[in-house]
Amino acid sequence: MTDRELVEKAKQGDCDAFEQLVLDNQNKVFSLALRLVGDREEAADLAQEAFVKAWQGLPAFRGGSFFSTWLYRLTTNVCIDYLRKKKRREAVEPSVSLDDPDSGWAEPFLWEQDPQRLLEQSERGRALAQGLDRLPDWQREILVLRELSGLSYQEIGEKLDLDLGTVKSRIARARMNLRKILLEDGNFFWKMPSKPVKKEERG
Amino acid sequence: MACDRYYELLSARVDRELTRDEAEEVELHLVGCAQCRIVWEQMEEAREAFAHLEEVPAPEGFAQGVLDRIRAEEKPKVIPLFKRPQVRALAGLAACLVLVAGLYGVSQHQEQDKWMLTTRSFNRDVVEEYADISAQESLSRDGDSPRVNAALADPETEDAPQIAAYAAPETDTSAGTAGIERDSAADSVKDNRQKAVPDMAYAEFVLTLDRMPEGGWELIPPETFVSPVGLTVSVELMEQLEQLALTQGINVSRESGPETNDHCLIIILDETE
Numbered sequence: 001m002t003d004r005e006l007v008e009k010a011k012q013g014d015c016d017a018f019e020q021l022v023l024d025n026q027n028k029v030f031s032l033a034l035r036l037v038g039d040r041e042e043a044a045d046l047a048q049e050a051f052v053k054a055w056q057g058l059p060a061f062r063g064g065s066f067f068s069t070w071l072y073r074l075t076t077n078v079c080i081d082y083l084r085k086k087k088r089r090e091a092v093e094p095s096v097s098l099d100d101p102d103s104g105w106a107e108p109f110l111w112e113q114d115p116q117r118l119l120e121q122s123e124r125g126r127a128l129a130q131g132l133d134r135l136p137d138w139q140r141e142i143l144v145l146r147e148l149s150g151l152s153y154q155e156i157g158e159k160l161d162l163d164l165g166t167v168k169s170r171i172a173r174a175r176m177n178l179r180k181i182l183l184e185d186g187n188f189f190w191k192m193p194s195k196p197v198k199k200e201e202r203g
Numbered sequence: 204m205a206c207d208r209y210y211e212l213l214s215a216r217v218d219r220e221l222t223r224d225e226a227e228e229v230e231l232h233l234v235g236c237a238q239c240r241i242v243w244e245q246m247e248e249a250r251e252a253f254a255h256l257e258e259v260p261a262p263e264g265f266a267q268g269v270l271d272r273i274r275a276e277e278k279p280k281v282i283p284l285f286k287r288p289q290v291r292a293l294a295g296l297a298a299c300l301v302l303v304a305g306l307y308g309v310s311q312h313q314e315q316d317k318w319m320l321t322t323r324s325f326n327r328d329v330v331e332e333y334a335d336i337s338a339q340e341s342l343s344r345d346g347d348s349p350r351v352n353a354a355l356a357d358p359e360t361e362d363a364p365q366i367a368a369y370a371a372p373e374t375d376t377s378a379g380t381a382g383i384e385r386d387s388a389a390d391s392v393k394d395n396r397q398k399a400v401p402d403m404a405y406a407e408f409v410l411t412l413d414r415m416p417e418g419g420w421e422l423i424p425p426e427t428f429v430s431p432v433g434l435t436v437s438v439e440l441m442e443q444l445e446q447l448a449l450t451q452g453i454n455v456s457r458e459s460g461p462e463t464n465d466h467c468l469i470i471i472l473d474e475t476e
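So the sequence lines, in the order shown, correspond to chains F and D. Numbering of the first sequence is given in our numbering, commencing with residue 1 and proceeding in unit increments. Numbering of the second sequence is given in our numbering, commencing with residue 204 and proceeding in unit increments.
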């Protein structure tokens with residue numbers, strides 16, 4: 001049964017069809033939530049909430065976009081709501097962080113070091129995942145919103161209540177930091193700089 | 204370092220979010236700067252890898268958990284009632300009445316009587332039926348505050364405020380109406396507050412104003428949910444109203460609830476405006 005057929009049935013209240021939709025999309029939804037909020041348990045809770053909202057919102061889903069795209073948007077919104085509340089509770093303002101604002105995880109990951117090997121695509125994906133994990137929360141969040149949730153700068157600004165300039169600079173900051181982390185990996189980039197990595201670029 | 208400025212432009216270039224002027228500026232710079240060309244390529248490579256990010260498998264029992272939560276949300280018997288839009292509105296008001304019952308129990312304001320009169324005028328049957336169900340809900344869920352959002356469960360309105368209803372701590376079946384009918388509240392207010400807390404589902408804050416400050420209504424967006432009890436607004440707006448009231452010398456009092464749902468109840472005591 002195609003996605004479309006499943007959605008049609010689920011719209012009419014067919015629980016089994018909806019269950020199949022959950023099974024088909026759960027990993028993607030969970031992964032997105034996990035990458036946005038950084039905590040497994042919280043991500044599982046939010047991902048489930050997203051599906052519940054999808055079920056409740058099915059009558060309104062016209063099928064204009066793909067179901068998974070719509071679901072992905074829902075997941076993003078659920079996670080953003082959570083992050084906003086969390087930030088309000090913690091009253092953390094990234095720009096006035098006393099720590100090195102580029103530091104995330106304290107201990108470096110040890111992953112397989114084989115300088116001769118160029119990484120396969122999935123291995124690059126894995127390296128990226130680990131790199132993302134090492135970013136400070138606020139950098140990871142905004143980069144994931146851009147790259148995985150696919151939100152425009154405008155949309156990110158609206159959802160996080162930031163002006164465009166701030167969105168732009170935070171994303172750039174996140175990218176440069178990620179780049180620094182991936183450079184430390186050593187195997188990630190196809191082309192290394194022809195000169196040795198300058199001192200100010202090294203961690 | 205001179206190229207710092209360009210890194211931001213390169214990042215925006217990856218996202219196709221450059222203005223035309225910025226795009227031209229960056230193109231020009233890239234022609235002459237090898238370092239930035241490398242940074243650009245690396246940014247593109249990193250972004251390309253996002254497409255190959257491994258999917259993390261959802262934990263065991265995830266799908267079942269989703270179905271359980273769906274069933275739990277659809278359990279209350281009140282759902283069939285709420286399918287009818289007219290009753291939905293009434294039920295929404297009824298929810299507020301039960302909330303008032305709780306507020307009445309913990310509020311120290313003398314204008315309570317006024318609220319009692321207002322609430323009495325509503326359809327007693329709907330209130331009682333609703334209160335019964337709420338009471339049963341709160342009994343069957345240990346420690347969990349019953350959350351009824353069915354009345355406002357229009358799934359299309361993302362920001363639909365969720366008025367949480369609760370049953371007063373007394374376990375007799377007329378729990379909801381008990382709050383409304385109670386006359387001698389004074390001495391048991393303190394007790395009720397302590398007893399009520401575990402069962403109480405609340406707004407994040409309740410702001411009580413003697414009256415609406417000048418310019419206050421202008422701040423309230425048109426889609427704001429207004430009930431006989433008060434208005435439901437965001438925390439941000441609540442704080443604005445509070446500030447406004449304070450600068451105008453209007454008495455305010457703020458209570459916080461256990462929720463963190465960005466829904467604040469604004470109660471205006473003097474309604475003559």
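Just so you know, not all the hints are guaranteed correct.
Short, incomplete list of chain F residues facing chain D, as computed with Cβ under 8 Å [what the hints assert, rightly or not]:
| id | residue |
| --- | --- |
| 1 | Met1 |
| 2 | Ser31 |
| 3 | Gly38 |
| 4 | Phe66 |
| 5 | Ile80 |
| 6 | Tyr82 |
| 7 | Lys85 |
| 8 | Ala129 |
| 9 | Tyr153 |
| 10 | Lys159 |
| 11 | Leu162 |
| 12 | Lys168 |
| 13 | Gly186 |
Source of the hints: derived by calculation from the structure; they are not laboratory data. Being a predicted model, the structure only gives us computed values, none of them experimental. Each residue gets a CB set at the ideal place from its N, CA and C atoms; glycine is no exception.
Item to check | Hint check against the structure, violated hint numbers in rising order | outcome: Numbers 1, 3, 4, 5, 6, 10, 11 and 13 - these are the hints that the structure violates, sorted from lowest upward.
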